[in-house]
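Based on the sequences and whatever the hints tell you, model everything.
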Amino acid sequence: MSDRFSVTKLFPKCLTTCLYIWTAYITLTRIHQIPSWFLTVTIIPTLLVALYTYFKAISKGPGSPLDFPDLLVHDLQAAENGLELPPEYMSKRCMTLKHDGRFRVCQICHVWKPDRCHHCSSCDICVLKMDHHCPWFAECTGFKNQKLFIQFLMYTTFYAFLVLIYSCYELGTWFRSGSFNQELIDFHLLGVALLAIAIFISVLAFTAFSIYQVCNNQTTIELYGMRRYRRDLEIINDSYGADTQLENIFDLGSSIANWQDLMGMSWLEWLLPIETCKYKKSKHTKDEKGLYFDIRPEAQERLLSSRGLEDRLMRRVTPRPSLETDRPSE
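Numbering (UniProt numbering), first residue to last: 1 to 330.
Heads up, a few of these hints could be off.
Computed list of lysine-lysine pairs in BS3-like fashion (alpha-carbon distance at most 27 angstroms, straight line) [what the hints assert, rightly or not]:
#1 Lys280 with Lys98
#2 Lys9 with Lys281
#3 Lys9 with Lys286
#4 Lys278 with Lys13
#5 Lys278 with Lys98
#6 Lys92 with Lys280
#7 Lys278 with Lys9
Restraint ranges, calculated between C-beta atoms of paired labels, are given here [said to hold, decoys possible]:
#8 Ile108 with Thr220: 20 to 28 angstroms
#9 Lys286 with Ile197: 24 to 32 angstroms
#10 Gly178 with Tyr212: 44 to 52 angstroms
#11 Ile197 with Ser6: 20 to 28 angstroms
#12 Ile108 with Phe11: 20 to 28 angstroms
#13 Cys168 with Lys286: 50 to 58 angstroms
#14 Ala205 with Gly82: 43 to 51 angstroms
#15 Thr173 with Trp37: 36 to 44 angstroms
#16 Gly253 with Ala198: 18 to 26 angstroms
#17 Leu76 with Ala208: 22 to 30 angstroms
#18 Thr173 with Ser6: 44 to 52 angstroms
#19 Asp70 with Ser6: 29 to 37 angstroms
The set of hints was computed from the structure by calculation and includes no laboratory data. Where a beta carbon is used, it is the ideal one built from N, C-alpha and C, also for glycine.
And the structure:
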(Lines of atoms letter the chains of each structure in order from A and count residues from 1; the text may use other names and numbers.)
(Lines give C-alpha, C1' and ligand atoms only; values in the text may rest on other atoms or scores of the structure.)
Protein backbone atom coordinates (compact mmCIF):
# COMPACT_ATOMS: atom_id res chain seq x y z
CA MET A 1 0.00 0.00 0.00
CA SER A 2 1.35 3.43 -0.99
CA ASP A 3 2.51 5.89 1.61
CA ARG A 4 -0.34 8.02 2.96
CA PHE A 5 1.90 11.10 2.82
CA SER A 6 3.22 10.61 -0.70
CA VAL A 7 3.06 13.41 -3.26
CA THR A 8 0.21 11.74 -5.15
CA LYS A 9 -1.85 11.74 -1.98
CA LEU A 10 -0.89 15.20 -0.72
CA PHE A 11 -1.30 17.09 -4.02
CA PRO A 12 -5.10 16.73 -4.44
CA LYS A 13 -5.65 17.59 -0.76
CA CYS A 14 -3.51 20.71 -1.03
CA LEU A 15 -5.09 21.71 -4.35
CA THR A 16 -8.65 21.29 -3.04
CA THR A 17 -7.87 23.26 0.13
CA CYS A 18 -6.13 26.05 -1.80
CA LEU A 19 -9.00 26.38 -4.28
CA TYR A 20 -11.48 26.72 -1.44
CA ILE A 21 -9.41 29.28 0.46
CA TRP A 22 -8.43 31.29 -2.63
CA THR A 23 -11.98 31.56 -3.97
CA ALA A 24 -13.25 32.53 -0.50
CA TYR A 25 -10.56 35.20 -0.13
CA ILE A 26 -11.27 36.73 -3.55
CA THR A 27 -15.01 36.67 -2.92
CA LEU A 28 -14.70 38.36 0.45
CA THR A 29 -12.18 41.02 -0.64
CA ARG A 30 -13.10 41.83 -4.25
CA ILE A 31 -16.89 42.00 -4.02
CA HIS A 32 -18.24 45.38 -2.88
CA GLN A 33 -21.84 45.41 -4.12
CA ILE A 34 -22.93 42.92 -1.46
CA PRO A 35 -22.62 43.71 2.27
CA SER A 36 -19.48 42.17 3.72
CA TRP A 37 -21.36 40.76 6.73
CA PHE A 38 -23.69 38.86 4.38
CA LEU A 39 -20.74 37.47 2.42
CA THR A 40 -19.07 36.38 5.64
CA VAL A 41 -22.04 34.58 7.16
CA THR A 42 -22.69 32.65 3.94
CA ILE A 43 -19.21 31.94 2.59
CA ILE A 44 -17.21 31.17 5.76
CA PRO A 45 -19.56 28.59 7.34
CA THR A 46 -19.97 26.79 4.01
CA LEU A 47 -16.20 26.80 3.51
CA LEU A 48 -15.50 25.42 6.98
CA VAL A 49 -18.10 22.65 6.93
CA ALA A 50 -17.04 21.58 3.42
CA LEU A 51 -13.34 21.34 4.32
CA TYR A 52 -14.17 19.60 7.61
CA THR A 53 -16.26 17.01 5.76
CA TYR A 54 -13.56 16.61 3.13
CA PHE A 55 -10.80 15.79 5.61
CA LYS A 56 -13.11 13.72 7.80
CA ALA A 57 -13.98 11.53 4.81
CA ILE A 58 -10.27 11.08 4.09
CA SER A 59 -9.29 10.33 7.69
CA LYS A 60 -12.20 7.94 8.19
CA GLY A 61 -11.42 6.01 5.03
CA PRO A 62 -13.73 3.65 3.18
CA GLY A 63 -13.17 0.61 5.40
CA SER A 64 -11.50 -2.66 4.48
CA PRO A 65 -11.95 -6.35 5.33
CA LEU A 66 -8.35 -6.16 6.55
CA ASP A 67 -9.76 -4.29 9.55
CA PHE A 68 -11.36 -7.57 10.67
CA PRO A 69 -8.84 -10.25 11.73
CA ASP A 70 -11.40 -13.05 11.35
CA LEU A 71 -11.65 -12.32 7.61
CA LEU A 72 -7.99 -13.10 6.99
CA VAL A 73 -7.42 -16.20 4.88
CA HIS A 74 -4.91 -18.58 6.44
CA ASP A 75 -4.46 -20.88 3.45
CA LEU A 76 -5.26 -19.29 0.09
CA GLN A 77 -5.19 -22.56 -1.82
CA ALA A 78 -7.52 -24.20 0.69
CA ALA A 79 -9.91 -21.27 0.45
CA GLU A 80 -9.93 -21.47 -3.35
CA ASN A 81 -10.67 -25.21 -3.16
CA GLY A 82 -13.47 -24.74 -0.67
CA LEU A 83 -11.59 -26.39 2.19
CA GLU A 84 -11.37 -23.20 4.25
CA LEU A 85 -14.55 -21.20 4.81
CA PRO A 86 -15.22 -17.62 5.93
CA PRO A 87 -16.74 -16.80 9.33
CA GLU A 88 -20.29 -18.01 9.82
CA TYR A 89 -21.76 -14.50 9.96
CA MET A 90 -20.43 -13.91 6.46
CA SER A 91 -21.32 -17.28 4.96
CA LYS A 92 -24.93 -16.95 6.16
CA ARG A 93 -25.44 -13.42 4.82
CA CYS A 94 -23.21 -13.32 1.74
CA MET A 95 -25.28 -13.05 -1.45
CA THR A 96 -22.62 -12.56 -4.14
CA LEU A 97 -20.56 -15.66 -4.76
CA LYS A 98 -18.12 -16.68 -7.46
CA HIS A 99 -19.27 -18.47 -10.62
CA ASP A 100 -18.57 -21.83 -8.99
CA GLY A 101 -20.65 -21.04 -5.91
CA ARG A 102 -17.67 -20.47 -3.62
CA PHE A 103 -16.97 -17.39 -1.56
CA ARG A 104 -14.87 -14.62 -3.00
CA VAL A 105 -11.24 -14.32 -1.92
CA CYS A 106 -8.76 -11.55 -2.68
CA GLN A 107 -5.57 -13.06 -4.05
CA ILE A 108 -3.59 -9.92 -3.14
CA CYS A 109 -4.87 -9.06 0.34
CA HIS A 110 -5.53 -12.70 1.34
CA VAL A 111 -8.91 -11.88 2.85
CA TRP A 112 -12.49 -13.00 2.33
CA LYS A 113 -14.39 -10.45 0.25
CA PRO A 114 -17.85 -9.64 1.64
CA ASP A 115 -20.71 -8.47 -0.56
CA ARG A 116 -19.94 -5.29 -2.53
CA CYS A 117 -16.25 -5.46 -1.59
CA HIS A 118 -13.67 -4.93 -4.34
CA HIS A 119 -9.92 -4.55 -4.58
CA CYS A 120 -8.77 -1.05 -5.56
CA SER A 121 -5.70 -1.13 -7.76
CA SER A 122 -4.86 2.50 -6.90
CA CYS A 123 -5.01 2.03 -3.13
CA ASP A 124 -3.81 -1.59 -3.44
CA ILE A 125 -6.27 -2.73 -0.80
CA CYS A 126 -9.72 -4.30 -0.63
CA VAL A 127 -12.46 -1.75 0.05
CA LEU A 128 -15.82 -2.43 1.70
CA LYS A 129 -18.78 -1.41 -0.47
CA MET A 130 -16.42 0.20 -2.92
CA ASP A 131 -18.04 2.85 -5.10
CA HIS A 132 -15.04 4.33 -6.90
CA HIS A 133 -11.56 5.73 -6.38
CA CYS A 134 -11.76 9.51 -6.18
CA PRO A 135 -8.65 11.36 -7.44
CA TRP A 136 -9.68 14.53 -5.56
CA PHE A 137 -9.59 12.57 -2.31
CA ALA A 138 -6.67 10.31 -3.31
CA GLU A 139 -8.84 7.77 -1.54
CA CYS A 140 -11.64 5.35 -2.27
CA THR A 141 -15.27 6.07 -1.57
CA GLY A 142 -16.67 3.12 0.33
CA PHE A 143 -18.81 1.98 3.21
CA LYS A 144 -17.42 4.16 6.00
CA ASN A 145 -17.03 7.46 4.13
CA GLN A 146 -19.73 7.36 1.44
CA LYS A 147 -22.14 9.49 3.49
CA LEU A 148 -19.43 12.09 4.04
CA PHE A 149 -18.55 12.00 0.35
CA ILE A 150 -22.16 12.70 -0.67
CA GLN A 151 -22.37 15.56 1.83
CA PHE A 152 -19.09 17.04 0.61
CA LEU A 153 -20.46 17.06 -2.94
CA MET A 154 -23.59 18.87 -1.75
CA TYR A 155 -21.55 21.43 0.21
CA THR A 156 -19.24 22.02 -2.76
CA THR A 157 -22.17 22.48 -5.12
CA PHE A 158 -23.77 25.01 -2.76
CA TYR A 159 -20.46 26.81 -2.20
CA ALA A 160 -19.77 27.06 -5.95
CA PHE A 161 -23.31 28.38 -6.46
CA LEU A 162 -22.78 31.12 -3.86
CA VAL A 163 -19.44 32.18 -5.32
CA LEU A 164 -20.90 32.13 -8.83
CA ILE A 165 -23.89 34.28 -7.91
CA TYR A 166 -21.85 36.80 -5.92
CA SER A 167 -19.06 37.15 -8.48
CA CYS A 168 -21.43 37.41 -11.43
CA TYR A 169 -23.48 40.05 -9.61
CA GLU A 170 -20.34 42.10 -8.95
CA LEU A 171 -19.11 41.77 -12.55
CA GLY A 172 -22.57 42.51 -13.92
CA THR A 173 -22.81 45.67 -11.84
CA TRP A 174 -19.35 46.73 -13.02
CA PHE A 175 -20.38 46.25 -16.65
CA ARG A 176 -23.81 47.92 -16.39
CA SER A 177 -22.35 50.99 -14.66
CA GLY A 178 -19.98 51.58 -17.56
CA SER A 179 -16.92 51.25 -15.34
CA PHE A 180 -15.20 49.27 -18.10
CA ASN A 181 -14.57 52.61 -19.84
CA GLN A 182 -12.37 53.79 -16.98
CA GLU A 183 -10.88 50.65 -15.42
CA LEU A 184 -9.85 47.14 -16.34
CA ILE A 185 -11.89 44.19 -15.26
CA ASP A 186 -10.81 42.49 -12.04
CA PHE A 187 -9.09 39.44 -13.48
CA HIS A 188 -8.93 37.72 -10.10
CA LEU A 189 -12.69 38.00 -9.74
CA LEU A 190 -13.21 36.98 -13.36
CA GLY A 191 -11.06 33.91 -12.81
CA VAL A 192 -13.07 32.97 -9.72
CA ALA A 193 -16.32 33.41 -11.65
CA LEU A 194 -15.15 31.18 -14.51
CA LEU A 195 -13.87 28.59 -12.07
CA ALA A 196 -17.17 28.69 -10.18
CA ILE A 197 -19.10 28.08 -13.40
CA ALA A 198 -16.98 25.05 -14.29
CA ILE A 199 -17.06 23.58 -10.79
CA PHE A 200 -20.78 24.23 -10.26
CA ILE A 201 -21.83 22.54 -13.49
CA SER A 202 -19.51 19.54 -13.16
CA VAL A 203 -20.04 18.95 -9.43
CA LEU A 204 -23.80 19.48 -9.73
CA ALA A 205 -23.96 16.76 -12.38
CA PHE A 206 -21.85 14.39 -10.30
CA THR A 207 -23.84 15.17 -7.16
CA ALA A 208 -27.10 14.40 -8.96
CA PHE A 209 -25.63 11.14 -10.25
CA SER A 210 -24.35 10.17 -6.79
CA ILE A 211 -27.70 10.92 -5.13
CA TYR A 212 -29.41 8.86 -7.83
CA GLN A 213 -27.07 5.99 -7.02
CA VAL A 214 -27.80 6.28 -3.30
CA CYS A 215 -31.56 6.32 -3.94
CA ASN A 216 -31.12 3.07 -5.87
CA ASN A 217 -28.73 1.62 -3.25
CA GLN A 218 -26.23 0.93 -6.00
CA THR A 219 -22.53 1.65 -6.32
CA THR A 220 -20.81 2.83 -9.48
CA ILE A 221 -19.08 -0.54 -9.82
CA GLU A 222 -22.41 -2.32 -9.52
CA LEU A 223 -23.98 0.00 -12.10
CA TYR A 224 -21.47 -0.87 -14.78
CA GLY A 225 -21.58 -4.52 -13.76
CA MET A 226 -25.36 -4.52 -14.20
CA ARG A 227 -25.03 -3.17 -17.71
CA ARG A 228 -22.60 -5.94 -18.57
CA TYR A 229 -24.87 -8.62 -17.13
CA ARG A 230 -27.86 -7.30 -19.01
CA ARG A 231 -25.92 -7.47 -22.27
CA ASP A 232 -24.92 -11.03 -21.41
CA LEU A 233 -28.54 -11.97 -20.78
CA GLU A 234 -29.40 -11.33 -24.41
CA ILE A 235 -27.91 -14.72 -25.29
CA ILE A 236 -30.44 -16.51 -23.07
CA ASN A 237 -33.33 -18.24 -24.81
CA ASP A 238 -36.35 -15.97 -25.35
CA SER A 239 -38.47 -18.38 -23.36
CA TYR A 240 -37.03 -16.93 -20.17
CA GLY A 241 -38.41 -13.52 -21.11
CA ALA A 242 -38.31 -10.52 -18.79
CA ASP A 243 -38.05 -12.70 -15.71
CA THR A 244 -34.34 -13.14 -16.36
CA GLN A 245 -33.59 -9.45 -15.81
CA LEU A 246 -30.97 -9.27 -13.11
CA GLU A 247 -32.00 -6.92 -10.33
CA ASN A 248 -30.12 -4.92 -7.76
CA ILE A 249 -30.70 -7.16 -4.75
CA PHE A 250 -29.61 -4.40 -2.38
CA ASP A 251 -32.42 -2.10 -3.48
CA LEU A 252 -34.72 -1.94 -0.44
CA GLY A 253 -37.78 -1.17 -2.53
CA SER A 254 -38.05 2.63 -2.39
CA SER A 255 -35.82 5.65 -2.89
CA ILE A 256 -36.44 7.00 0.60
CA ALA A 257 -35.62 3.64 2.22
CA ASN A 258 -32.39 3.44 0.24
CA TRP A 259 -31.52 7.04 1.10
CA GLN A 260 -32.18 6.55 4.82
CA ASP A 261 -30.15 3.34 4.82
CA LEU A 262 -27.02 5.38 4.08
CA MET A 263 -27.74 8.97 5.14
CA GLY A 264 -29.80 8.39 8.28
CA MET A 265 -33.38 8.88 9.37
CA SER A 266 -33.46 12.62 10.12
CA TRP A 267 -32.77 15.87 8.29
CA LEU A 268 -30.00 16.59 10.77
CA GLU A 269 -28.18 13.39 9.80
CA TRP A 270 -28.70 14.16 6.13
CA LEU A 271 -27.25 17.67 6.31
CA LEU A 272 -24.47 17.38 8.89
CA PRO A 273 -21.30 15.24 8.78
CA ILE A 274 -22.27 13.20 11.85
CA GLU A 275 -22.68 9.48 12.50
CA THR A 276 -26.18 8.13 12.05
CA CYS A 277 -28.12 6.78 15.03
CA LYS A 278 -28.30 3.42 13.27
CA TYR A 279 -24.51 3.26 13.10
CA LYS A 280 -24.07 4.29 16.73
CA LYS A 281 -26.46 1.60 17.98
CA SER A 282 -24.54 -1.15 16.20
CA LYS A 283 -20.99 -0.18 17.18
CA HIS A 284 -20.50 -3.32 19.27
CA THR A 285 -22.02 -5.71 16.73
CA LYS A 286 -21.21 -6.84 13.20
CA ASP A 287 -24.15 -4.83 11.86
CA GLU A 288 -23.39 -1.59 10.04
CA LYS A 289 -19.79 -2.61 9.50
CA GLY A 290 -20.02 -3.14 5.73
CA LEU A 291 -19.71 -6.92 6.01
CA TYR A 292 -23.26 -7.67 4.87
CA PHE A 293 -26.30 -5.69 3.77
CA ASP A 294 -30.06 -5.84 3.96
CA ILE A 295 -31.87 -7.01 0.84
CA ARG A 296 -35.49 -7.50 -0.09
CA PRO A 297 -36.79 -10.99 0.85
CA GLU A 298 -38.23 -11.63 -2.62
CA ALA A 299 -34.89 -10.76 -4.20
CA GLN A 300 -33.13 -13.22 -1.92
CA GLU A 301 -35.52 -16.01 -2.92
CA ARG A 302 -35.03 -15.33 -6.61
CA LEU A 303 -31.27 -15.14 -6.18
CA LEU A 304 -31.08 -18.53 -4.49
CA SER A 305 -33.45 -20.19 -6.96
CA SER A 306 -31.56 -18.82 -9.99
CA ARG A 307 -28.08 -19.79 -8.78
CA GLY A 308 -27.87 -22.61 -11.31
CA LEU A 309 -28.94 -20.29 -14.15
CA GLU A 310 -26.33 -17.72 -13.19
CA ASP A 311 -23.64 -20.40 -13.16
CA ARG A 312 -24.58 -21.66 -16.64
CA LEU A 313 -24.72 -18.07 -17.90
CA MET A 314 -21.26 -17.21 -16.63
CA ARG A 315 -19.78 -20.41 -18.11
CA ARG A 316 -21.33 -19.63 -21.48
CA VAL A 317 -20.34 -15.96 -21.78
CA THR A 318 -16.88 -16.35 -20.21
CA PRO A 319 -14.78 -19.22 -21.58
CA ARG A 320 -13.18 -21.03 -18.64
CA PRO A 321 -11.52 -24.16 -19.99
CA SER A 322 -9.71 -24.78 -16.70
CA LEU A 323 -13.01 -25.06 -14.91
CA GLU A 324 -14.29 -27.57 -17.36
CA THR A 325 -11.14 -29.60 -16.89
CA ASP A 326 -11.36 -29.44 -13.12
CA ARG A 327 -15.07 -30.18 -12.94
CA PRO A 328 -14.76 -33.94 -12.12
CA SER A 329 -12.56 -33.16 -9.09
CA GLU A 330 -14.90 -30.51 -7.62
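For each hint, the structure was consulted:
no., hint, result
1, Lys280 with Lys98, "violated, 33 angstroms"
2, Lys9 with Lys281, "violated, 33 angstroms"
3, Lys9 with Lys286, "violated, 31 angstroms"
4, Lys278 with Lys13, "violated, 30 angstroms"
5, Lys278 with Lys98, "violated, 31 angstroms"
6, Lys92 with Lys280, "holds, 24 angstroms"
7, Lys278 with Lys9, "violated, 32 angstroms"
8, Ile108 with Thr220: 20 to 28 angstroms, "holds, 21 angstroms"
9, Lys286 with Ile197: 24 to 32 angstroms, "violated, 46 angstroms"
10, Gly178 with Tyr212: 44 to 52 angstroms, "holds, 46 angstroms"
11, Ile197 with Ser6: 20 to 28 angstroms, "violated, 32 angstroms"
12, Ile108 with Phe11: 20 to 28 angstroms, "holds, 25 angstroms"
13, Cys168 with Lys286: 50 to 58 angstroms, "holds, 51 angstroms"
14, Ala205 with Gly82: 43 to 51 angstroms, "holds, 45 angstroms"
15, Thr173 with Trp37: 36 to 44 angstroms, "violated, 19 angstroms"
16, Gly253 with Ala198: 18 to 26 angstroms, "violated, 38 angstroms"
17, Leu76 with Ala208: 22 to 30 angstroms, "violated, 42 angstroms"
18, Thr173 with Ser6: 44 to 52 angstroms, "holds, 46 angstroms"
19, Asp70 with Ser6: 29 to 37 angstroms, "holds, 31 angstroms"
When held up to the earlier numbered hints, the structure conflicts with 1, 2, 3, 4, 5, 7, 9, 11, 15, 16, 17 and fits the remainder.
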